[in-house]
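Colleague: For reference, the chains in residue letters:
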Amino acid sequence: MTIATENLEVGQELPPVRKEISFEDMRLFSMWSNLNIHTDWESAKKAGLPAPIAQGLMSHAYLSEMLTQFFGKNWLQGGTLSIKFIGYTLPGDVITTRGIVREKVAEGSATRLNCDVWCESLSGEKTVVGTASALVD
Amino acid sequence: MPLRAKVEGPVMVFEEMEVGEEMPELRVVFDEDMQGRFLAGLKEENPWYSRESPWGGPITYHPLLDDAPMEATMHRYQYPFGFVHAVQETEFINPLPLGKPARITTKVVDKYEKRGRGYIVIESLIVDEDGLEIMRTRNHAMIEDERVREAAGLGLLHVPLSSAAKYNRGESGEDKS
Numbered sequence: 174m175t176i177a178t179e180n181l182e183v184g185q186e187l188p189p190v191r192k193e194i195s196f197e198d199m200r201l202f203s204m205w206s207n208l209n210i211h212t213d214w215e216s217a218k219k220a221g222l223p224a225p226i227a228q229g230l231m232s233h234a235y236l237s238e239m240l241t242q243f244f245g246k247n248w249l250q251g252g253t254l255s256i257k258f259i260g261y262t263l264p265g266d267v268i269t270t271r272g273i274v275r276e277k278v279a280e281g282s283a284t285r286l287n288c289d290v291w292c293e294s295l296s297g298e299k300t301v302v303g304t305a306s307a308l309v310d
Numbered sequence: 020m021p022l023r024a025k026v027e028g029p030v031m032v033f034e035e036m037e038v039g040e041e042m043p044e045l046r047v048v049f050d051e052d053m054q055g056r057f058l059a060g061l062k063e064e065n066p067w068y069s070r071e072s073p074w075g076g077p078i079t080y081h082p083l084l085d086d087a088p089m090e091a092t093m094h095r096y097q098y099p100f101g102f103v104h105a106v107q108e109t110e111f112i113n114p115l116p117l118g119k120p121a122r123i124t125t126k127v128v129d130k131y132e133k134r135g136r137g138y139i140v141i142e143s144l145i146v147d148e149d150g151l152e153i154m155r156t157r158n159h160a161m162i163e164d165e166r167v168r169e170a171a172g173l174g175l176l177h178v179p180l181s182s183a184a185k186y187n188r189g190e191s192g193e194d195k196s
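Top to bottom, those sequences are chains A and B. Residue numbering for the first sequence follows the working numbering, starting at 174 and increasing by one per position. Residue numbering for the second sequence follows the working numbering, starting at 20 and increasing by one per position.
Rather than coming from a laboratory, the hints here were simulated on the basis of the structure. Glycine residues also receive a C-beta, built at the ideal position from the N, C-alpha and C atoms. Don't take each hint at face value.
[Said to hold, decoys possible] For lysine-lysine, the following BS3-like pairs were computed, each having C-alpha atoms within a straight-line distance of at most 30 Å: (1) Lys130/B to Lys62/B; (2) Lys246/A to Lys62/B; (3) Lys62/B to Lys257/A; (4) Lys299/A to Lys119/B.
[As the list claims (entries may be wrong)] Per label pair, the in silico range of CB-to-CB distance: (5) Gly265/A to Gly28/B: 30 to 38 Å; (6) Glu71/B to Arg191/A: 39 to 47 Å; (7) Glu110/B to Glu298/A: 33 to 41 Å.
Use the sequences and the hints to build the structure in full.
Modeller: Structure representation (structure tokens):
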């Protein structure tokens, strides 16, 4: 599963993760919540939304899935993720995670890869942007 | 994080929030059934979370813990974030074996204003029952007092920016979720 090594070049793209998000997915993710704009059409309507919107942390999880596949166990032991939420995701939307290695930095005897990461819709509109990093062997 | 308690505490007001304020400490444990439903919602099929991982048995799906800052805050305040979840910053330190209890400590670590709006930064440190650090995660959330009061009046937990014309102030590039 892990493909990241210190031999990777700057500019390397991370294998994307693609997700079609249903309303049921949103409800399962928010299983602990009361009725709100993520889980209830009426609440979304009250807020002036066309439909319930997915929690931003769903996109955070999709990015983490991509980064776990890319960095392997190093992701969970020393990985960092910093993201900004800039767009909505609605039921039926398809989100693709993307990433690219921006730089390689020596950290002790190891190498840390710093990456730009984002989520985008089918139309290419970014909904989440940020950075991620982890050590590579 | 499937813990959320409905509290009758005060509504969070940006001006009254103080850096250093600590939120209620939480103790959590995730079981296979709870985690399985969460994973289903994400269509995440990595066997690390259900069967075997590089650390032995299944581990807790770490995004379950990302919501810790909001979770802890909602044990003290109503409508704590008003709500615009602007930024999430997470440091993954160690995996947490599935079923192993964890403890979450949370505090306000910063507050700032940007484009006329107030933001608070709430950080949670998650450790397992032996004290091993698992994750540190921060949530930057926009607090707008007028919006919070409207949300309370509407019975909403969140009022996203630009969600309706009355909230849309025509600013481009603004945080939305």
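Colleague: Run every hint past the structure and note whether it holds.
Modeller: Against the structure, the hints come out as follows:
1. Lys130/B to Lys62/B: Roughly 35 Å separates the two Cα atoms, so the pair is violated.
2. Lys246/A to Lys62/B: With Cα atoms ~20 Å apart, Lys246/A and Lys62/B stay inside 30 Å; holds.
3. Lys62/B to Lys257/A: Holds: Lys62/B and Lys257/A sit about 23 Å apart, inside 30 Å.
4. Lys299/A to Lys119/B: 37 Å, violated
5. Gly265/A to Gly28/B: 30 to 38 Å: 36 Å, holds
6. Glu71/B to Arg191/A: 39 to 47 Å: For Glu71/B and Arg191/A the Cβ distance comes to about 26 Å; the hint is violated.
7. Glu110/B to Glu298/A: 33 to 41 Å: 29 Å, violated
In the structure shown, a violation is registered for the earlier hints numbered 1, 4, 6, 7, in ascending order.
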